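K.L.:
So the chains spell out like this:
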Amino acid sequence: GNLSIILNYFFAGEIFELKAELNSDKKEKKKEAVKKVIASMTVGKDVSALFPDVVNCMQTDNLELKKLVYLYLMNYAKSQPDMAIMAVNTFVKDCEDPNPLIRALAVRTMGCIRVDKITEYLCEPLRKCLKDEDPYVRKTAAVCVAKLHDINAQLVEDQGFLDTLKDLISDSNPMVVANAVAALSEIAESHPNSNLLDLNPQTINKLLTALNECTEWGQIFILDCLANYTPRDDRESQSICERVTPRLSHANSAVVLSAVKVLMKFMEMLPKDLDYYGTLLKKLAPPLVTLLSAEPELQYVALRNINLIVQKRPEILKHEMKVFFVKYNDPIYVKLEKLDIMIRLASQANIAQVLAELKEYATEVDVDFVRKAVRAIGRCAIKVEQSAERCVSTLLDLIQTKVNYVVQEAIVVIKDIFRKYPNKYESVIATLCENLDSLDEPEARAAMIWIVGEYAERIDNADELLESFLEGFHDESTQVQLQLLTAIVKLFLKKPTETQELVQQVLSLATQDSDNPDLRDRGYIYWRLLSTDPVAAKEVVLAEKPLISEETDLIEPTLLDELICHIGSLASVYHKPPSAFVEGSRGVQHKRLPPRSGSPEGAHSGGAAIPEAVPAVIPSQGDLLGDLLNLDLGPPTTGVAPAPTSAMQMGAMDLLGGGLDSLVGGAALNCNCQTLGWYFLPHLQVWLLAMKAKGLEIAGTFSRRGGVIHMELSLTNKAMSVMTDFAIQFNRNSFGLAPAGPLQVLTPLSPNQTTEVSLPLSTVGPVMKMEPLNNLQVAVKNNIDVFYFSCLYPISILFVEDGKMERQVFLATWKDIPNENEAQFHIKDCHLNSDAASSKLQSSNIFTIAKRTVDNQDMLYQSIKLTNGIWVLAELRLQAGNSNYTVSGVLERERYRF
Amino acid sequence: SVFVLICRNYKGDVDMAEIDHFLPLLLQQEEEGLLSPAITRGNVHFLWIKHSNLYLVATTNKNSNAALVYAFLYKLVEVFTEYFKELEEESIQDNFVVVYELLDELMDFGFPQTTDSKILQEYITQEGNKLEVAKSKVPTTVTNAVSWRSEGIKYKKNEVFIDVIESINVLVNANGSVMSSDIVGSIKLKTMLSGMPELRLGLNDRVLFTLTGRDKGKSVAMEDVKFHQCVRLSRFENDRTISFIPPDGESELMSYRINTHVKPLIWIESVIERFSHSRVEIMVKAKGQFKKQSVANNVEIKVPVPSDADSPKFKTSTGHAKYVPEKNLVVWTIKSFPGGKEFLMRAHFGLPSVENDEKEAKPPITVKFEIPYFTVSGIQVRYMKIIEKSGYQALPWVRYITQSGDYQLRTNS
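Going down the list, the protein sequences come from chains A and B. With full-length UniProt numbering as the guide, the letters of the first sequence map in order to residues 1 to 898. With full-length UniProt numbering as the guide, the letters of the second sequence map in order to residues 1 to 413.
Calculated directly from the structure, the hints in this document are not laboratory data.
Below are the DMTMM-like pairs computed for lysine to aspartate or glutamate, each with C-alpha atoms no more than 20 Å apart in a straight line:
no.: 1; chain 1: A; residue 1: Lys-283; chain 2: B; residue 2: Asp-239
no.: 2; chain 1: A; residue 1: Lys-45; chain 2: B; residue 2: Asp-15
no.: 3; chain 1: A; residue 1: Lys-282; chain 2: B; residue 2: Glu-237
no.: 4; chain 1: B; residue 1: Lys-385; chain 2: B; residue 2: Glu-252
no.: 5; chain 1: B; residue 1: Lys-188; chain 2: B; residue 2: Asp-163
As the structure is a computational prediction, the values presented were derived from the model and not from experiment.
Working from the sequences, and respecting the hints, build out all of it.
P.N.:
In structure tokens:
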């Protein structure tokens, strides 16, 4: 209202005054005026109206004034692009100033003016500055190339600046080298396949030399760049490691972490029996421990990375348990992270100390920390068998404290201990039962009910206990309801005479009075089982349960390897691949460790490291749903070598019939669009309906980007409550498709929220022929339940990039393939000429090997290679002036018998 | 009130308005007990540190090197503090022109550049007008391999002062067993040397002694060593020689960590008895477990008391005890604590009849002290060789001190 008008009025007066001062003849007055302008800008006032007046002050030999004007320019040029042109001449002039400080200032500012129109004018000055005699100017110009590339990549490439930048890697000045490396790495990130950095032993040598001479920051750029290199063999790997290890003694924690990254990565290539391998392992521990004396935020980064390192190479820190003991004044994020690492390092040798510590933590006041400490005691019991008894007695002590959340956590973990060591600690059940009334959290209630049901025969009043839960059945959470249903059925099977009424009561509550389809389904199944075949019911309900594994919360090995390549970065802090949180990085190749030593080159697909003796990854404890998922789909597919296809009975026609037509159909579909510059992007299909999945709706499609197959998922929460803990698994399928990492849903999914997830897939999972061939059965789990659906993937996602067959081989193969392997299709209404079709198909990795024109008919000969090595050859016939195509496809089966 | 004091957008890929979301998110995390130094909103990540009442926040939407970001933010605090004595709201507002200049010199397009404040002060100064001439040149130091020392430094008397400071970290369990202990040492220099001197520092380093086949009797095994940028790391890696061209003035040359079982130099036994609804009785016994000839100075023993305690009464065999209610502590100060001696402090507090039923934290007893002329590890500076081409004679001076680091003893209460 009024107030703002008055303020504006005064402000307008101020602007007017400033304008006059800016145009003053007196230097001093001018400078003071510009300072006032900048001061206004800093506090957020809009002083863009003064643009021409400020730019007029640019021509000055006063360095301070010039800096201020440049600062103003960077801020407002984008909003005043036409006037920004006024500044160009001064930039060009300043780039030739005798004073290197001014030349550098000009080239630094130029790059920050993100106005397309003027970038072209800046190329010549930049070219000069890149060759400037003063290293201060060159190092600034090197960064300017990255800035310019960000504004206009094409221009930078056309002008040959990338080559100049590459040359700067050989510059005599270490800071210039460091900035050139930083700029190139930045540019390379947006060009994943450009081989821009062109790392070879010569450049690596230059980088390693510069490493000794440049600033701490420059060392980080160089180390981060080195980490992208893959040494040719273990000898080169060792020699690089030897030259990187001195960096572990640098005072800057970031230098140390970047050095650790290089070493962790290159170590992968060293044979484990090599003396040097052991030396290196020993060298890594002390600097990692020292990082814990850094500032808390750096400690946090260090701890998140140590968490990864401990999973990848437990031997490095196995003797360093004590340094992870929590201090009273540690920030909470440090405390929680230390606790996690303590459990990973827990072993028979140190368990007594660890337990004493955990017990101490469990009596602190911070609820989250205490809960985690109690859980940790349970994890220790499961991990170190010898300590189980002591853990259980510690947990009982804690239960005696009667602190509500401590009791509940303790009961949840004791349930897991019972599962791991059946028939061993039942004596504590009485104590647990005393605390029944105080349990108000669903997880704890469910755990207690499970215990009562599981040991019903030893608890005299099991029926009374379970009955007491039954009273408020409909107010319980689903988790508790399901558990109660199962527990009462177990009880009935164990003590049928006294509990008939109870079981009928729960069955009727579950089947007749409940809206929950899962509960109803489970209720009906039990009902039918009990009424038709009680013996079978016993076999099903009281079946021996699979043991739970000792390590929990492990990061899936492929993801772990990728994260090791990102040590020190945000990805390592979040424990998520960059593709999960960086926009536009979806097409970027996931980083991988170099192939492990000892494995013949190319023996493993892509050279991904497969750690030996990978502990099975199981979902966090207490998660019965997770076990269900495992039961139904077999063990997780991590670390499994590609299954031989020889066992498969896959008909040739099947592949052509089931797969190719959909692909060619897809290609045909977009023929019309192609001419208009559109690209074929398959629509998201709804795979899982919300009504069938307790409110979770999943839509999705598949794509192949940068040589990696992706499942693009869109998850929508149509339920009333928040969804968390998403996980995904595939059933065995025709081409061994398997998730290459966990399903990354960043934050809990709130009601009515949708999240997009891009899940990279590998093709090294277990293989089983499906009907149809491209059928994929998927299980998705969240905190609520497990859901199953199946979907069809386009065969084209399996077409690999190196599917171009040699001409000669093609000819020979084509002839050799028997006729019964051939299939033929007709595609109608495709208005593409043969060249357009060829280039269009090539974008889907269908390569044209040869083209013939016979009788006005274009024939394209094409090859496709599938992820499992099978070749498909095709002939595409196109009548000129006719929009119909004929495709003959043959499936080569000579070299890959199946 | 909360507002943005100053900002610099280095890459233009994060909207400047994003910062408005930072503090609400931080407060929300704090409330939920899930505070984290990296906060995400959409595709923007806030990496922050706090210095007194200022937040220094870096934003990014890339997979940035987080360690580098935090290290840089701390470097920023260091540089600003050296420029303005205190880094606070006022010093930023009063010096915004220099702050902008510094921000541009410290980082370019997200890449940290020159962050050595001594060198920066050679060409970015607060008194711009007066030093116009000096300011208009880039010191060659900026891009030199020796980026931390300028040429042409002159002193009448050439001297180096070496401080060897060892901090003792101890964590003692409530039952009196030492859970973890280590020594973090630091060697600090005050260099007042002319020209470009080459220095070599000799320590009784066990690895070096082993390499050279010397007697290992009085050597010290350093678990990990960290050096200032000026030390030639490859040289140290090869033959354990600590050689360098030092920065002018004060600097930390190196730090080391020794992971030995250290006897806690000041041993504390405590009995804290709590009689519900009535009183708390505290008895603390402190014992100097170091040589009789040595003296610990400015000893401070901080003992936690319940937050609802009142009417304190103290009795001490030496020194002075004081109740600090805002921190729920008794601070027992002993100016001079000779080795081998034992002292006692008793405290009595009343408790209200209606007690606070909220569970209280159990902070440990902490101890602060300083013992001059002595290092726990026995580390010694054997020599400091100083060679400058002009051939002057320079004098190195050494001083040793041991102090408490993170020194915590858990209590039973």
